[in-house]
Structure formats: C-alpha cells, structure tokens
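> Full structure from sequences and hints, please.
Order-wise, the sequence lines are chains A and B.
The numbers in this note's numbering rise by one with no breaks, and the one at position 231 of the first sequence is 231.
The numbers in this note's numbering rise by one with no breaks, and the one at position 62 of the second sequence is 432.
No lab work stands behind these hints, which were simulated from the structure alone.
In this text the structure is predicted, and so the values were computed from the model without any measurement.
Idealized CB from N, CA, C, for every residue including glycine.
There may be inaccurate statements among the hints.
Distance windows between CB atoms, simulated [what the hints assert, rightly or not]:
#1 D517/B x R18/A: 22 to 30 Å
#2 W298/A x E452/B: 47 to 55 Å
#3 V199/A x G559/B: 42 to 50 Å
#4 L207/A x A525/B: 31 to 39 Å
#5 V203/A x S479/B: 24 to 32 Å
#6 F324/A x P467/B: 54 to 62 Å
#7 D517/B x L215/A: 16 to 24 Å
#8 T454/B x G282/A: 39 to 47 Å
#9 D464/B x G34/A: 45 to 53 Å
#10 A347/A x S479/B: 40 to 48 Å
#11 Q184/A x D573/B: 33 to 41 Å
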Amino acid sequence: MRLWWVELSRLFARRFTRLALVLVLVALGVMVFGAAYGSQKPVPGDRARAELAAAQQRAEEQARCRDAQHLPAADGRSAAPAPSPTPSGAVASSVPPSVSPSVPPSVSPFVPPSASPSASVTELPGEYSGMDCSAITHPVAEDLIRYRSFSFRDQMPGRAVGIAALLTVVGYLVAASFVGAEWQHGTMAGLLLWEPRRVRVFVAKLLALFTGLTLAGTVTYAVAYAAHWFVADLRGDSTGVTAGFWTSLGLTAVRGVALTLAVAACGFAIAYAVRLSAAALGAAVAYLVGAEVGLRLWSQESQRWLLSENITAWMDRGTRITLFHCGSAGDVCTARVLTLSMWQGGAYLGGLALVLAVVAAVLFARRDVT
Amino acid sequence: MASAATPLGSRAAGPPPEGAGPAIEIEGLRKTFGGAFRGRRVALDHLDLVVEPGRVHGFLGPNGSGKTTTIRALLGLVRADEGTMRIFGREVPDGLPDVIGHVGAVVESPQFFPSFSGRRNLRLLARIAGVKRRRVEEVLELAGLLDRAKDPVKAYSLGMRQRLAIAATLLKEPRLLLLDEPNNGLDPGGIREVRDLMRTLADGGVTVLLSSHILAEVQQVCDSVSIVSRGRHVVSGPVSDVLATAAGSDVRVRVEEPEFAATVLEEAGFAVRADAGYLVVADVVDPSWITQALARRRLWVSELTPERPDLESVFLELTGTVPVPGHPGQVGEPFAAGLAEPPARPARHERRDEDPVPGAGEPGAPVPAETPDEDRA
Numbered sequence: 001m002r003l004w005w006v007e008l009s010r011l012f013a014r015r016f017t018r019l020a021l022v023l024v025l026v027a028l029g030v031m032v033f034g035a036a037y038g039s040q041k042p043v044p045g046d047r048a049r050a051e052l053a054a055a056q057q058r059a060e061e062q063a064r065c066r067d068a069q070h071l072p073a074a075d076g077r078s079a080a081p082a083p084s085p086t087p088s089g090a091v092a093s094s095v096p097p098s099v100s101p102s103v104p105p106s107v108s109p110f111v112p113p114s115a116s117p118s119a120s121v122t123e124l125p126g127e128y129s130g131m132d133c134s135a136i137t138h139p140v141a142e143d144l145i146r147y148r149s150f151s152f153r154d155q156m157p158g159r160a161v162g163i164a165a166l167l168t169v170v171g172y173l174v175a176a177s178f179v180g181a182e183w184q185h186g187t188m189a190g191l192l193l194w195e196p197r198r199v200r201v202f203v204a205k206l207l208a209l210f211t212g213l214t215l216a217g218t219v220t221y222a223v224a225y226a227a228h229w230f231v232a233d234l235r236g237d238s239t240g241v242t243a244g245f246w247t248s249l250g251l252t253a254v255r256g257v258a259l260t261l262a263v264a265a266c267g268f269a270i271a272y273a274v275r276l277s278a279a280a281l282g283a284a285v286a287y288l289v290g291a292e293v294g295l296r297l298w299s300q301e302s303q304r305w306l307l308s309e310n311i312t313a314w315m316d317r318g319t320r321i322t323l324f325h326c327g328s329a330g331d332v333c334t335a336r337v338l339t340l341s342m343w344q345g346g347a348y349l350g351g352l353a354l355v356l357a358v359v360a361a362v363l364f365a366r367r368d369v370t
Numbered sequence: 371m372a373s374a375a376t377p378l379g380s381r382a383a384g385p386p387p388e389g390a391g392p393a394i395e396i397e398g399l400r401k402t403f404g405g406a407f408r409g410r411r412v413a414l415d416h417l418d419l420v421v422e423p424g425r426v427h428g429f430l431g432p433n434g435s436g437k438t439t440t441i442r443a444l445l446g447l448v449r450a451d452e453g454t455m456r457i458f459g460r461e462v463p464d465g466l467p468d469v470i471g472h473v474g475a476v477v478e479s480p481q482f483f484p485s486f487s488g489r490r491n492l493r494l495l496a497r498i499a500g501v502k503r504r505r506v507e508e509v510l511e512l513a514g515l516l517d518r519a520k521d522p523v524k525a526y527s528l529g530m531r532q533r534l535a536i537a538a539t540l541l542k543e544p545r546l547l548l549l550d551e552p553n554n555g556l557d558p559g560g561i562r563e564v565r566d567l568m569r570t571l572a573d574g575g576v577t578v579l580l581s582s583h584i585l586a587e588v589q590q591v592c593d594s595v596s597i598v599s600r601g602r603h604v605v606s607g608p609v610s611d612v613l614a615t616a617a618g619s620d621v622r623v624r625v626e627e628p629e630f631a632a633t634v635l636e637e638a639g640f641a642v643r644a645d646a647g648y649l650v651v652a653d654v655v656d657p658s659w660i661t662q663a664l665a666r667r668r669l670w671v672s673e674l675t676p677e678r679p680d681l682e683s684v685f686l687e688l689t690g691t692v693p694v695p696g697h698p699g700q701v702g703e704p705f706a707a708g709l710a711e712p713p714a715r716p717a718r719h720e721r722r723d724e725d726p727v728p729g730a731g732e733p734g735a736p737v738p739a740e741t742p743d744e745d746r747a
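Okay, structure coming up:
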C-alpha cells in the first residue's frame with residue numbers, strides 16, 4: 001500500500017505526466033471550441049423538416065439503386081421507378097444521386113431537387129453495381145441544415161470515442177515513460193534496496209499507473225461531457241438527451257478508460273521488459289507498420305487479430321469486417337462478413353495486456369538489476 | 371557531513387535481529403555474466419566472506435575483482451549461480467524482506483530521480499520504509515544537505531549525490547551498512563566526515579562493510595579487511611594481522627660505501643636496491659642480521675629503519691597488481707608476470723601460524739661467519 005502510494009505520488013510528480021495532462025486538457029479545449037465555434041441554436045421546426053427531406057432523399061436513392069440493378073422494390077412491387085414512402089407518409093420523387101446530398105439546394109423551407117427519373121437512370125449505368133441498396137443511408141438531417149448546430153445527442157458519442165483515442169495514446173506514452181525513466185536513471189536498483197520483493201514492486205507500479213490513468217480518464221470524460229453539454233445548452237442543440245443516452249455515454253467513458261488501461265499496460269510491460277521507454281515507442285511504430293499495414297495487406301483473415309479492429313469492436317459495441325475472396329482470375333469475388341463483438345474485442349485487448357504484463361513481471365523477477 | 375555527535379536513532383544501537391552471529395556470511399558464492407553471444411565471464415569464483423557484527427570491515431580488490439557483484443548479490447540485485455549468503459543469520463536473497471529494514475546500502479553511483487529535489491527523493495524512500503518525515507530532515511542535516519535539499523538532484527555535484535545517498539542509507543537507521551566506494555566524488559572534508567560517521571556508527575553497534583579503493587582510508591577506519599582478487603577470496607583478518615603477514619618487511623639502511631655494502635648483502639642472500647643514497651633491503655625478518663653481515667666486512671651502519679608495510683603494498687602484492695613498467699595492466703588480470711592464474715592462497719596470517727619454524731630459510735638468516743674480512747682487500 002505504501003509502495004503503491006509512493007508510486008502514485010511519483011507518477012503525478014513527474015513532469016512528463018503533468019505535460020501529458022496539460023496536452024489532454026488543451027486537446028479537450030480545442031474539441032470544445034470546435035463544437036462551440038459557429039454553432040447556433042436550431043430554429044424550431046428546421047430539424048423536423050430536414051429529417052423529413054433527408055428521409056425522402058434516402059428513399060429516393062435506394063429506389064434509384066434498385067432501378068439501376070433491376071431489383072424489385074423493398075415492398076415487393078415491380079422494379080419500375082416508384083416513389084418511396086417517407087416517415088411522414090409523403091411521396092418522394094426520384095432524385096439523381098449525382099446531386100451531392102451534402103449540399104442541398106435549399107434549406108428552409110426544404111425543396112428537394114428534382115430531375116427526370118429516366119435521365120438519372122441513363123446517367124448512372126453501373127453506379128450502383130454490386131452495392132447493397134438497403135445500405136444507402138445518406139444524407140442525414142444535418143447535411144440539409146444550412147447553419148451548424150452542435151447537437152449533444154448526435155455528436156457526443158463520436159466525440160467520446162475520440163476522447164478514448166486521445167487518452168489511449170497519452171496513456172501509452174505516460175506508462176512507457178513512467179517505468180522507462182526509472183530504468184534509464186538507474187533508480188530501480190535503489191528502489192529494490194528498500195523493497196526487494198520484485199513482483200510486489202511491479203504490481204505496485206502497475207496499480208499506481210492504473211489508478212492515475214483511471215483518475216485522469218474519469219476527470220477528462222467528466223470535464224468533456226460537462227463542457228460539451230454547456231456548449232450544446234448555450235448555443236447548440238441539447239434536446240433529445242434521455243437517461244438512457246446518459247447511461248450509454250457513461251458506458252462509453254468506462255470502455256474508453258478501460259481501453260486506456262489495457263493499452264497503457266502494454267506500454268508499461270514493454271518498457272519494463274526492455275528497460276527502455278523508447279522501446280515501447282519503437283514497438284508501437286513497428287506494430288503500426290508491420291501489422292496494421294503489412295499484415296492487413298498480406299492476409300485479410302488476420303484482420304480479426306489487429307488491434308484496430310478489436311479496439312473498434314470494443315468502443316463501438318461490435319464491428320463487422322468484410323473479407324473479399326476473389327478467384328484466381330480476379331473477376332469473381334465473394335464477400336464474407338466477420339463479426340467481432342464488443343466482448344470479443346475486450347477480451348482480446350485485456351488478454352494481450354495481461355500476457356505482456358506477466359511476461360514483463362517474470363523477466364523482472366528473474367533478471368539481474370545492474 | 372556533520373556527523374559524529376548527531377544522534378543516530380534508537381534502532382541503530384540495538385542488537386542484530388537474528389542472534390549474535392556474523393552480520394554477513396558468504397560461502398562458495400559463484401556468479402557468471404554473459405551469454406551465448408557475449409561469452410561467459412566469471413565474476414565470483416566460490417567466494418567466501420565473513421563480517422563480524424559491530425565492526426567496520428574493509429572489502430578490497432582490484433577493479434573487476436567482484437566486490438560490487440558481491441554486494442549486489444547480497445542485496446538481491448543479481449542472482450548468484452551457486453553459494454549461500456546470510457545477513458544476520460537469514461539466508462538471502464529469500465530472506466531479504468525480513469532484514470532489508472536493517473540494511474542500508476550505497477551501491478556504486480547511487481541514482482535518484484533527477485528532476486525531484488533531494489528532499490522529495492528522500493521522502494519517497496522514507497514513505498516506502500514507513501519512516502517519519504522528521505527523519506528526512508535529520509539525515510539531510512547529517513549529510514550537510516539541508517540548505518540544498520530543495521534543489522533538484524540534477525543540480526547536485528557528484529559529491530552531493532554521494533552525500534544524499536549516504537543520507538538515504540541512514541533513513542532506516544540500519545544495523546548493517548554496505549558502502550560501495552562511498553567516497554566517490556567527495557572532497558577531503560567529506561571523506562573525513564564519512565570516515566568519522568562510519569566509526570561513530572560502528573561504535574553504536576552498526577556493522578559497516580566498506581568497499582573502497584582508497585586504501586589509506588580503509589587502513590584508518592577499518593577493524594578488519596578482506597581482500598579479493600578475480601572473484602576469489604585472498605585474505606581476511608584484522609588489519610594489523612594482514613599487515614603483519616606482508617611478505618617480509620623492508621629495511622632502509624644508510625651505510626658507507628653503499629655499492630660494496632650492497633654486494634655484501636646480496637652475497638648474504640638479501641635482495642637489495644639503491645634508493646636515494648640508501649639501500650633498501652627487502653623481506654628482512656630480523657634487521658640485526660643486516661648489521662651482522664655488514665659488520666663482518668667492517669661496514670658500519672649509520673642508520674637502519676624498518677619500513678612498515680602499508681595496506682597498499684600488501685594489497686598490491688596479494689592481488690598481484692603491482693604495476694610493471696612498460697606493461698599496462700588489464701582489468702581483471704594481474705599486472706605482475708607469473709600471476710596468470712587466479713590466487714588460491716589461504717589467508718597469510720593463517721599460513722604463518724602453520725609455519726613450523728618461523729623465519730627458517732629466510733634470506734639473511736645468520737650463517738657461520740665463513741667469509742673472512744680479508745675478502746674486502
């Protein structure tokens with residue numbers, strides 16, 4: 001307990017840690033500023049109109065897709081160009097996909113662009129070839145509103161994942177530096193003159209790191225949520241936030257902090273085993289180049305073992321990886337979808353961190369400290 | 371370091387935690403370094419060492435002889451391949467957690483967190499050991515660092531870091547101090563303060579194992595010494611015994627006609643060399659034999675001074691590291707020719723006890739006056 005407290009004190013007394021915390025706060029500030037900048041309160045009714053228009057456009061695009069592929073309509077009717085139902089019951093007219101959905105011609109009141117259905121079909125041979133028409137989801141309401149309005153409900157979940165990415169990178173660096181500096185300065189030997197039980201020393205350091213990062217991560221998320229809520233409430237859109245939404249945001253934060261701990265444990269273990277901070281950085285770069293790029297190109301099947309996919313699965317509550325298998329001539333390809341659940345991703349990341357930590361602890365316990 | 375009179379705490383004067391046996395016992399310690407690609411190097415070759423409690427014990431040896439490795443092995447920093455070690459009767463490193471609270475150590479160049487102040491470094495260590503903060507201020511004062519305690523360690527000189535290291539060892543109020551070259555970087559005043567501190571601690575019942583290359587310091591402060599060479603134990607014992615068992619005593623002689631006198635002494639079996647108008651006769655068991663040999667040739671001695679061997683000469687002789695002109699010595703190897711093999715001799719004072727007839731066969735022993743004075747003519 002004393003050793004844990006000492007290590008925790010040392011962690012927060014280190015200049016690198018303080019610098020990292022300042023950088024996180026600065027990044028957070030930039031994020032909040034970005035949310036606030038140019039944002040304004042939505043005009044009543046605009047959003048409803050934009051949602052309606054967006055739904056119309058989506059339906060029209062799907063219809064055009066089906067037309068292009070000569071598929072029957074979603075309701076089983078003929079493939080002839082037909083208006084699609086919209087949430088409001090209105091009938092959408094066909095819209096050429098060539099019209100950029102992100103730049104609506106008008107906003108309030110919304111006037112959907114019109115074009116000749118026959119022209120659009122003839123203009124787009126092969127445009128929708130091989131596509132899953134039901135997967136066409138754009139545009140969204142935000143694309144159809146001319147002014148920008150920060151919506152807490154719509155944008156905060158994505159930003160929460162971004163905060164997790166920020167914390168993960170910072171956590172990795174702090175963890176590697178935390179132990180690497182101790183080896184570099186030769187203070188590890190001095191510490192063992194006071195506590196010779198090496199496994200205890202290792203665990204105390206790791207727990208101190210976890211404690212520090214959990215504190216920092218929790219505070220970061222709390223500050224981020226509060227600041228963004230303040231911005232949304234003051235000059236954005238804070239409507240539609242329910243208790244369930246807050247729970248979901250809280251769980252995202254929990255997953256973000258857990259991810260930070262797992263990745264930090266990896267950096268900690270590598271630096272501990274190799275006795276060098278730079279080794280952890282080198283390992284990270286080597287992994288990014290060798291695995292995330294090289295392995296992905298070399299074998300599609302290996303994607304399920306990549307950290308990026310498992311991190312995505314963990315943070316996004318599951319992910320789907322599409323694997324393409326083409327024939328030898330390359331003309332016939334089949335797609336296979338691989339699903340990684342949140343718990344699969346979490347178990348993989350946790351297991352990896354645990355294995356690395358155990359290896360580092362065993363090496364530390366057995367090797368000479370010179 | 372302000373020292374001697376400063377109270378060292380109540381625990382320092384207490385009995386060792388385990389019985390009254392040796393503070394340190396090492397038997398057959400062996401350690402090799404290296405690996406498949408670097409080749410193996412034997413650092414410790416079945417080393418034996420015993421340090422009695424309440425004494426200042428010098429631990430001497432040339433560079434690369436295994437002193438630091440021995441101390442590191444005692445402290446659990448390196449794993450020995452063979453052998454047993456005990457501190458206050460507890461086998462280490464397994465029993466180290468039981469005794470580490472009574473052991474303070476300075477191993478080679480002590481390192482601290484450079485961006486933390488000296489005080490913060492000590493406070494972190496004190497918290498690990500459950501030592502009160504007040505003790506930190508005490509040892510800072512003891513080490514003469516109170517005024518610089520708030521400065522970052524990276525601003526300290528080597529000597530100041532050494533002082534901080536010694537202060538850190540005193541935090542626990544240890545019963546055993548392992549000091550590996552504690553005088554590194556210290557100024558003369560600091561060296562004297564460390565010496566006084568060691569004596570004060572020893573007088574208070576603390577055992578000190580002092581590894582040092584400053585042999586004059588060791589000779590002044592140590593009650594006993596052990597000399598190691600190439601990972602092996604060479605000699606142990608009280609300093610006076612080790613000095614007395616040096617390979618004979620040299621005698622400085624002033625005499626008329628030194629060249630002829632040298633010839634006479636060489637004929638009598640002495641090893642003689644000239645030195646600034648004197649003759650230095652080596653390995654003399656009894657100086658009177660010199661006067662007898664010279665008097666028989668009517669050479670009258672005007673001055674005859676036995677030269678007491680110092681620890682340095684004993685050290686150089688026993689470790690085979692007497693520098694040979696034109697032959698730069700290599701670390702871990704003897705300088706002197708003919709000492710390629712590692713030492714395997716027992717302690718000199720022990721060997722002397724086993725000699726059946728002390729002095730028999732020594733050069734210059736009295737012999738019948740077979741040489742007539744007329745030889746001189």
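> If a hint holds in the structure, say so; if it doesn't, say that too.
For each hint, the structure was consulted:
A hinted range of 22 to 30 Å for the beta carbons of D517/B and R18/A is consistent with their spacing of about 27 Å. One distance hint, 47 to 55 Å for the beta-carbon pair W298/A and E452/B, holds here, with the actual separation near 49 Å. Judged by the Cβ atoms, the range 42 to 50 Å given for V199/A and G559/B holds: they are separated by roughly 43 Å. Hint check: L207/A to A525/B, Cβ distance near 32 Å, so the stated range 31 to 39 Å holds.
Between V203/A and S479/B the beta carbon distance is about 28 Å. The supplied range of 24 to 32 Å therefore holds. Evaluation of the 54 to 62 Å hint for F324/A and P467/B yields a pass: the beta carbon distance comes to about 59 Å. Here the CB-CB span from D517/B to L215/A is close to 36 Å, at odds with the stated 16 to 24 Å. Between T454/B and G282/A the Cβ separation comes to about 41 Å, which falls inside the hinted range of 39 to 47 Å.
Between D464/B and G34/A the CB atoms are about 59 Å apart, so this pair departs from the stated range of 45 to 53 Å. Between A347/A and S479/B the Cβ separation comes to about 45 Å, which falls inside the hinted range of 40 to 48 Å. One distance hint, 33 to 41 Å for the beta-carbon pair Q184/A and D573/B, holds here, with the actual separation near 40 Å.
Going down the numbered hints, you'll see the structure goes against 7, 9, while the others check out.
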